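If you're matching them up, the sequences are chains A and B in order.
Under this note's numbering, the first sequence has 307 at position 307, and the numbering climbs by one with no breaks.
Under this note's numbering, the second sequence has 52 at position 52, and the numbering climbs by one with no breaks.
No wet-lab data here; the hints were simulated from the structure.
Bear in mind that the values here come from a model prediction, so they are computed numbers and not experimental data.
Any given hint might turn out to be false.
[Said to hold, decoys possible] With a straight-line Cα cutoff of 30 Å, these simulated DSS-like cross-link-like pairs (lysine-lysine) come out:
id : chain 1 : residue 1 : chain 2 : residue 2
1  : B       : K215      : A       : K155
2  : B       : K215      : A       : K82
3  : A       : K155      : B       : K68
4  : B       : K215      : A       : K328
5  : B       : K342      : B       : K68
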Amino acid sequence: MTLTLSEPLFNALLAVVKILFVWAMTLAALLPNLIWAERRVSGLIQDRPGPNRVGPLGLFQAVADVLKLMMKEDVVPLYVDKVLFTLAPLITLTPALVTFAVIPFGSSIPITWNGAVRDVPLVIADVNVGILYIFALTSLAVYGIVLAGWSSNDKYSLLGGVRASAQIISYELAMGFSAAGVFIAAGSLRLPAVVEWQHAHLWNVVPQFLGFVVFAVAIFAETNRIPFDLSEAEAELVAGYHTEYSSFRFAMFFMGEYANLIAASAVVTTLYFGGWSLPGVAFTGLWGGLASIAVFAVKTAAFIFLFLWVRWTLPRFRYDQLMELGWKVFLPLSFFHLIAVAAFVAASGR
Amino acid sequence: MSEGTPGTAALVPPPEEPTLLGLHEMELNFGPQHPATHGVLRVVLKVDGERIVSARPDVGYLHRGTEKLFETETYPMVIPHTDRMDYVAAATNNHAYCLAVEKILGVEVPKRAQYIRVLLDEMQRVSSHLLWLATAAIDLGAITPFFYTFREREVILDLFEEYCGARLTLNCMRIGGLPVDLTPGWVERTQAFFETLEAKIDEYEDLLTENRIWKERTVGIGVLAADRCVAWGVTGPVLRAAGVAWDVRRALPYECYPELEFDIPVGKNADTYDRYLVRVAELRQSRRIALQCCDWLAKNPEGEIRGKVPRVIKPAAGMAYASVEAPKGELGFFLVSSGANKPYRLHVRAPSFVNLQSLPEMIRGHLVSDLVAVIGTYDIVLGEVDR
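Same shape as in the complex, but just chain A:
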């Protein structure tokens, strides 16, 4: 039986396959391993073995964790705002997962269809405002934290939520300005175009090192991890915004944090480290396409390791110090960077 598909149906099918692939990679493969890696890396840094009992090398630790959380009693305190309280974990998890839609995770794979060979680009949606989409989503993610803090009707949660909103405002601008340099250089807001430009010229991290530093720090702040985990700040705010959460609702925050981490690493890789590309290597054909996915995964993993390393090494900032850093240091730096890049591009007459 020959299956004939119309063009739109074929494209839709491709998109579904890509979505399934990306989510399978992040949710089923990367996320549990990341939870495991976090603990093993912290063990490595802290001179102890880390979890090594559940499965080989403790690899099933994340499964055990999530199962444990699912079996816990789901406590909803009496005076919470039930609607927002339920929505908040979803709002945190969802943007992280949909960020992957615009990130090119590989070059392309040739597929024969209706007798013709066509190259299928390895990106779910090649949106021409890709970076704006990502900024929109990262701003959205903070609502999960703010609403969790507000709806819990708990003073510690409230302080956590307030801190999160102050933090996101302080860093969003610097992040946007530093990333703008990348798009001026590439001449496009499309992420695949950014990767292709880096593939053709050189990785953005070299000419735009300043922008990279600002962007990386802002990404740390966005993902709410030490040294910027102020909205959680265990020692100060008990558990910050998720103090009142238990069971699977907490698990969603927990997974959201890691999904955010993966998404953030993927974005940094795409913008500054050439995405799936390697200098001087052309990824063509089926194997080239698969190899480019592997390159992308390795680069992302390296960034994730950096996140883990920093988390287990540094103390936490105070919230006014963080805002000072955001407004007084990083914002002017990113301005300066943007103007420098723009001037250079204008002078070179591109």
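Mind docking chain B on chain A? Use the hints.
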């Protein structure tokens, strides 16, 4: 807590006036169950945003009536109870109590016992300061130093265990001396540990001393100047960080301390960072003292470990006060004897309790985040605060 409960009247805040915008300061109940209060300290905060307008520490959640209990126990039976006060520094508690009883009895402690006691004290000081460093760092978000300091603390606890069978509640001293002599090879193992400690302290300092975030979180936080420290009766590293070189080991010497060489580290700025520096310097000084003790003990492997103490301890009626430099400050025991075989009254001057009184002054105007830094900087143990 109802308003009618006796003794809590002071805790019920007066009704407050609304401010211009009709806003109230938020009251934040910090503790007694909180990850950063090092036990069961409760602090009732009035916060304006995150700025602390006032803080009222509320103690008593770990009160066990120990001082009353002392009055029902014979003199030797009191010693294990002292373990449970500052439970991370049991040796200095035992020591201070034994000194007070020895003073009222007029017992001379043999030289060898003195050196072993001082060695145990300094080991205890190192283990207590390591625990402080671990928890103070974790309060500020630096999780990893905890595991490094506990690695070394573990060795000390193992040595304690080898000597007296306990790791935490040591019960390692007796009136007039010590319960047992050292096990063979113990001095060498202790010496070997302290030889390696210097490099380990450098390792902690690498992580924190010049770390920009660590400095931002501690420099200028919780300043309590020398005159205020003296006014509050604050002792220990908190006082020394304010530049006052008051150390009971030098000021009111006891045991063999006059024969030992060591410096008293002092700070300048009286802030949380200086207290950190003072404590780290004290780790190095304790190492120095411990090595001198090990040398002496290696040269004098034999000797009495207990002075001449009567079988039944019944001091003549009278009073005595003895104090030691505990890791937290001056730990004193004030003993009143009626001539019976039990103390008539035994009051403990617990440094954690006295130091903690200055918390409202130290924290005023700081942010909620600084509260954990300030509670951490006192190095309080609630078992000692509440007794």
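To see whether the hints hold, each was checked on the structure:
no., hint, in the structure
1, B:K215 / A:K155, "holds, 28 Å"
2, B:K215 / A:K82, "violated, 42 Å"
3, A:K155 / B:K68, "violated, 39 Å"
4, B:K215 / A:K328, "holds, 19 Å"
5, B:K342 / B:K68, "holds, 11 Å"
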